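Chain order of the listed sequences is A and B.
So for the first sequence, this note's numbering puts the first residue at 331; every next one is plus one.
So for the second sequence, this note's numbering puts the first residue at 1308; every next one is plus one.
Among the hints, erroneous ones may be present.
Stated by the list, open to error - Label pairs and their in silico Cβ distance ranges:
(1) A:Gln-417 x B:Lys-1366: 47 to 53 Å
(2) A:Asp-475 x B:Gln-1370: 24 to 30 Å
(3) A:Asp-407 x B:Asn-1411: 25 to 31 Å
(4) B:Ser-1422 x A:Pro-445: 21 to 27 Å
(5) B:Lys-1409 x A:Asp-497: 43 to 49 Å
(6) A:Gln-576 x B:Lys-1409: 29 to 35 Å
Said to hold, decoys possible - Selected chain B positions facing chain A (Cβ under 8 Å, derived; list incomplete):
(7) Thr-1379
(8) Asp-1382
(9) Asp-1397
(10) Asp-1398
These are computed hints drawn from the structure, not numbers from a lab.
This structure is a prediction, so every number in the text was calculated from the model and none was measured.
Using N, Cα and C, we set each Cβ at its ideal position, and we do this for glycine too.
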Amino acid sequence: MKDSNEITGIDILGAKESRQNGWDRRDFLKCVGAWAGTGLVLAMAGGVLTSCKIEDAVPGVLSFVQISDTHIGFNKDPNPKVTETLQKLVDKINALPQRPPFILHTGDLSHLSKPEEFDTLEQILKGIKTDQIFYVPGEHDTFSDQGAEFLKRFGKGTQGKGWQSFDHNGTHYIGLNNVVAANSPQPGAFKNGGAEGLGSLGTDQLDWLQKDVANLSASTPVVVFTHVPLWAVYPQWGWGTEDSEQALSFLKRFGSVTVLNGHIHQVMQKVEGNITFHTARSTAYPQPTPGSAPSPGPVKDLPPDRLPSSIGVTQVRYIETEKSLAIVDSALA
Amino acid sequence: MIVIKKDLRILASLAVVLVGMAILLAGCSGQKELAGHSKTHDMDMPSPPPQANVDATNKAEVQIVIDNFVFTPSDVTVAPGTKVTWINKDDAPHTATSVDKKFNSGGLDTDDKFSFVFNDKGEYPYICTLHPQMKASIKVK
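If we strip away everything but chain A, and leave its shape as in the complex, we get (with noise of 0.2 Å):
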């Protein structure tokens, strides 16, 4: 990970004309004056635009939707009401010009582990006007019996303690879970997962994931997502996975390959090689960024009118032109 070729923000404007994402200049600047005008903040990350509001017309087939750390059974500050902003984020899902074929969870389905909480996932996510919906489990999902639970609800089709692969129009998708492995409380555990917080995917998810994509040609854009970053982004925090190495090494030959995560329930975004590496927001609350705070904790004294910008879901468009996918953040306001 030391060689990467991390790239800001400026750099796609000025050096770089990568179109590792799918955005050209041009994209980007129907992006910016669409945005310039109706005066919404532009981030940018890892050379792609990263927040957008989720209205906005954006090139390209919209190919799904990334809902992240729902978190529901969370009542405290900074958002006591984690389930009406998910409601609002499903609205605009159902708003969206084009309907997402499926949606790709990417864990802490639950704050708890706790039945109620599950149950109230599922009524509010059946609202989405949608195909299916892809799960992987969050450790806030596993903690207390291993993912029994969440493996019975939502592990419908997976192998092993939940992973899984599918095909959509021609791209590879690959759902991983990288946090059972890290709840084991069993010492022999740690010696391969999770010592020191870190997520872990374990020999078995290893073996399978090989295989899995042995035999795909080079050219297939492939679609990880998991719930733990796959890249070391603060392991102090416990923000990342570590045998990830292992996994994107199985991943080094493909052209294309998307890493989607929640879990530290942020923006944050980076390339290297062929292979993004994208974080999406929480729906429930931020966290702080790495190091800002002496610990992962919410951060509960945001403003309440910096709530809606600091959550939100991630869309992802596949651009047929360039045969690359678009990722953008969509913050609820």
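Given the coordinates of chain A, assemble chain B onto it according to the supplied hints.
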């Protein structure tokens, strides 16, 4: 081509302004770290040192506070029959879970408590299963 370059420069300046606005509006210094530039020196913030190796063998009850992702005191020695109570004073939920499956608080939300009476001598390491980097232990002797 020159025209395009000029456009790019204007665009770049526009972006600088917009990013600047974003930082101003966000009112926090972390915006520049969006691309993942972690800074370890930012961790030099004052945080209470965990009290290690506290001898509480003369007490019938012991309280362990969970705050800022730390158990305090982190290592306590108690006499057999001592009731240990964990209280979560953090904004995030935690657990106190024995690595040997001797006790398990389950999820403790803010201000939730969990108690366990330690009757048998021995050493009981435990973690938070939500944040396994949080490690501590109870010694009974």
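Evaluated hints:
Separation of Gln-417 of chain A from Lys-1366 of chain B is about 49 Å and conforms to the stated range, judged on CB atoms against 47 to 53 Å. For Asp-475 of chain A paired with Gln-1370 of chain B, a C-beta distance near 28 Å keeps the hint of 24 to 30 Å intact. One distance hint, 25 to 31 Å for the beta-carbon pair Asp-407 of chain A and Asn-1411 of chain B, holds here, with the actual separation near 28 Å. Range check, Ser-1422 of chain B to Pro-445 of chain A: Cβ separation about 24 Å, and the 21 to 27 Å hint holds.
Hint check: Lys-1409 of chain B to Asp-497 of chain A, Cβ distance near 47 Å, so the stated range 43 to 49 Å holds. Taking 29 to 35 Å as the suggested C-beta distance range, the pair Gln-576 of chain A and Lys-1409 of chain B conforms, at roughly 34 Å. A distance limit of 8 Å between C-beta atoms decides the matter here; for Thr-1379 of chain B the minimum to chain A is near 13 Å, and the interface restraint is violated. Taking 8 Å as the C-beta cut-off, the interface hint given for Asp-1382 of chain B is violated, the closest approach to chain A being about 17 Å.
Interface hint at Asp-1397 of chain B: satisfied, since its Cβ lies 6 Å from the closest Cβ of chain A, which is below the 8 Å cut-off. Hint status for Asp-1398 of chain B relative to chain A: holds, with the closest Cβ pair at about 4 Å, below 8 Å.
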